[in-house]
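Undergrad: Listed below are the residues making up each chain.
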Amino acid sequence: MRAPVCLTLLAAAPASAFATDYLTADQAQRLMFPDATSFRAQDLALDSAQMKQVEQLAALPARSVHWHVIAAYKADALLGWMVLDNVVGKFELISYAVGLNLDASIKQVEVLSYRESHGGEVRNPAWRRQFVGKRAPAGLSVGDGIANISGATLSCTHLTDGVRRIAAIAQVALKK
Amino acid sequence: MRRRARPLLGTLVDVAVASAPAHVDADAAIDAAFAAVALTHRLMSFHEVGSDVSRLNRAPADTVVAVDPHTWQVLALAQQLCAASGGVFNIACAPRLVEWDCLPAPDLARPAWAQQTAVFALEEGGRVRKLAAGWVDLGGIAKGYAVDLAVAALRAAGVKGGCVNAGGDLRVFGPHAFPIAVRNPSAPAHAGAHLELRDEALATSACCFSAREVGGRRVSALVDGRSGEPLDTAASSSVFAPACALADALTKVVAATGDPGHPALATVGARALIM
Numbered sequence: 001m002r003a004p005v006c007l008t009l010l011a012a013a014p015a016s017a018f019a020t021d022y023l024t025a026d027q028a029q030r031l032m033f034p035d036a037t038s039f040r041a042q043d044l045a046l047d048s049a050q051m052k053q054v055e056q057l058a059a060l061p062a063r064s065v066h067w068h069v070i071a072a073y074k075a076d077a078l079l080g081w082m083v084l085d086n087v088v089g090k091f092e093l094i095s096y097a098v099g100l101n102l103d104a105s106i107k108q109v110e111v112l113s114y115r116e117s118h119g120g121e122v123r124n125p126a127w128r129r130q131f132v133g134k135r136a137p138a139g140l141s142v143g144d145g146i147a148n149i150s151g152a153t154l155s156c157t158h159l160t161d162g163v164r165r166i167a168a169i170a171q172v173a174l175k176k
Numbered sequence: 001m002r003r004r005a006r007p008l009l010g011t012l013v014d015v016a017v018a019s020a021p022a023h024v025d026a027d028a029a030i031d032a033a034f035a036a037v038a039l040t041h042r043l044m045s046f047h048e049v050g051s052d053v054s055r056l057n058r059a060p061a062d063t064v065v066a067v068d069p070h071t072w073q074v075l076a077l078a079q080q081l082c083a084a085s086g087g088v089f090n091i092a093c094a095p096r097l098v099e100w101d102c103l104p105a106p107d108l109a110r111p112a113w114a115q116q117t118a119v120f121a122l123e124e125g126g127r128v129r130k131l132a133a134g135w136v137d138l139g140g141i142a143k144g145y146a147v148d149l150a151v152a153a154l155r156a157a158g159v160k161g162g163c164v165n166a167g168g169d170l171r172v173f174g175p176h177a178f179p180i181a182v183r184n185p186s187a188p189a190h191a192g193a194h195l196e197l198r199d200e201a202l203a204t205s206a207c208c209f210s211a212r213e214v215g216g217r218r219v220s221a222l223v224d225g226r227s228g229e230p231l232d233t234a235a236s237s238s239v240f241a242p243a244c245a246l247a248d249a250l251t252k253v254v255a256a257t258g259d260p261g262h263p264a265l266a267t268v269g270a271r272a273l274i275m
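If you read the sequences in order, they're chains W and A.
For the first sequence, my numbering assigns the number 1 to the initial residue and increments by one for each residue that follows.
For the second sequence, my numbering assigns the number 1 to the initial residue and increments by one for each residue that follows.
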């Protein structure tokens, strides 16, 4: 028989928002393309015809003209791309990366960071921007000492939609 | 510590490797854990047309469906927990969840909700006999099972300690205690409790993210398996158990009965916390 559950009950304590950093963008690109010798950031701008195609393929609003794409190369040979994006849920902001093969198929999806907020900050673009491409503070390895959360399951439909949108963008604007 | 997360099972799945010998590739181990979760999703998803669950749901009465050994094992555990809970745990409530728009309809049939023992029976050789029209949904147990499989994959890869968390259903293993925050059901972005977990699973069920009005009636993704009625409780029910499939399933029993000392818990070495 195990010892009784030892709990610290928080009576209306202003607990900080739940947050976890998983990977930096650098770590994610190396994980997705271990053979790459160089990575080149490129700004992808969709024209209006491409925006329409993305919306048809993904059955979702294209949302943005500009996309942050990192191309992975082995010497001069293009291996694929990683696209960085953020999605906003009920009260969470998720930064994530989608790795794509040359044929626009999805190679890998990795969540970079997860932030919850109990205030209105999550819908505030300035608050969101501070986490984009964020690196873990020096001396602290990613994921250390940050509690896991148990609770009612929070669906991540907005994240799976985001991945689907990026797959469509790759199909329309990246595929070789 | 290496910690990564991916969208799987309709939620965020978080895998952490806390300790592993130097020769173990933590990322390869985490990839294997994600693959185990993805396998569970493919086999047991209510939404995926080709899953074992979908094939079973579309099968006519008096036919036999061959399923993967993992699916068979989860169905067997569901039968065991249905019996231990006097039918409170019931995976055949899916027609109500479809009615309330919590799940998509698998086909045009509209079977009534039923007791799961009236809908299917397990046979030897990984086979399931469909006894009557009905839909089963493993949403109340498969996430926990996926966590258990992912933990087994990490261990098989040589990882000594870690944590797998599928949207709040989690299991930790190894010598480390892991800090866990349990959501406050009345303010879900806050922690209602902080605790440390060692070599154990914890799952929590609450209506706070799924409750809504349908046809002027308040429903949620939690159903009392005895009556087919939706639970509308402000409380959250957490269960600690040796395996996450057990913890996941038993949260539904504790939520429906409001009894943290329900006898079904003791049969598998579990205990509960209602908050």
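Please note that the accuracy of each hint is not assured.
[Said to hold, decoys possible] Taking beta-carbon pairs under 7 Å as the criterion, some of the chain W residues facing chain A (in silico):
| no. | residue |
| --- | --- |
| 1 | S64 |
| 2 | Y73 |
| 3 | G89 |
| 4 | V111 |
| 5 | I149 |
| 6 | H158 |
| 7 | L159 |
[As the list claims (entries may be wrong)] Chain W is nowhere near these chain A residues, computed Cβ spacing over 10 Å in every case:
| no. | residue |
| --- | --- |
| 8 | R4 |
| 9 | A16 |
| 10 | D27 |
| 11 | V65 |
| 12 | Q115 |
| 13 | G168 |
| 14 | L170 |
| 15 | P175 |
| 16 | I180 |
| 17 | V182 |
| 18 | A189 |
| 19 | A191 |
| 20 | L202 |
| 21 | A206 |
| 22 | G216 |
By construction, these hints were calculated from the structure, which means they are not laboratory data.
Values in this document were obtained by computation on a predicted structure and should not be read as measured data.
In this text, a Cβ means the ideal position worked out from N, Cα and C, and glycines have one as well.
Undergrad: Next, verify each hint and record whether it holds.
TA: Hint check results:
| no. | hint | in the structure |
| --- | --- | --- |
| 1 | S64 | violated, 20 Å |
| 2 | Y73 | violated, 21 Å |
| 3 | G89 | violated, 10 Å |
| 4 | V111 | holds, 4 Å |
| 5 | I149 | holds, 5 Å |
| 6 | H158 | violated, 10 Å |
| 7 | L159 | holds, 5 Å |
| 8 | R4 | violated, 5 Å |
| 9 | A16 | violated, 6 Å |
| 10 | D27 | violated, 6 Å |
| 11 | V65 | holds, 27 Å |
| 12 | Q115 | holds, 25 Å |
| 13 | G168 | violated, 5 Å |
| 14 | L170 | violated, 5 Å |
| 15 | P175 | holds, 16 Å |
| 16 | I180 | violated, 5 Å |
| 17 | V182 | violated, 5 Å |
| 18 | A189 | violated, 4 Å |
| 19 | A191 | violated, 5 Å |
| 20 | L202 | violated, 5 Å |
| 21 | A206 | violated, 4 Å |
| 22 | G216 | holds, 23 Å |
In the structure shown, a violation is registered for the earlier hints numbered 1, 2, 3, 6, 8, 9, 10, 13, 14, 16, 17, 18, 19, 20 and 21, in ascending order.
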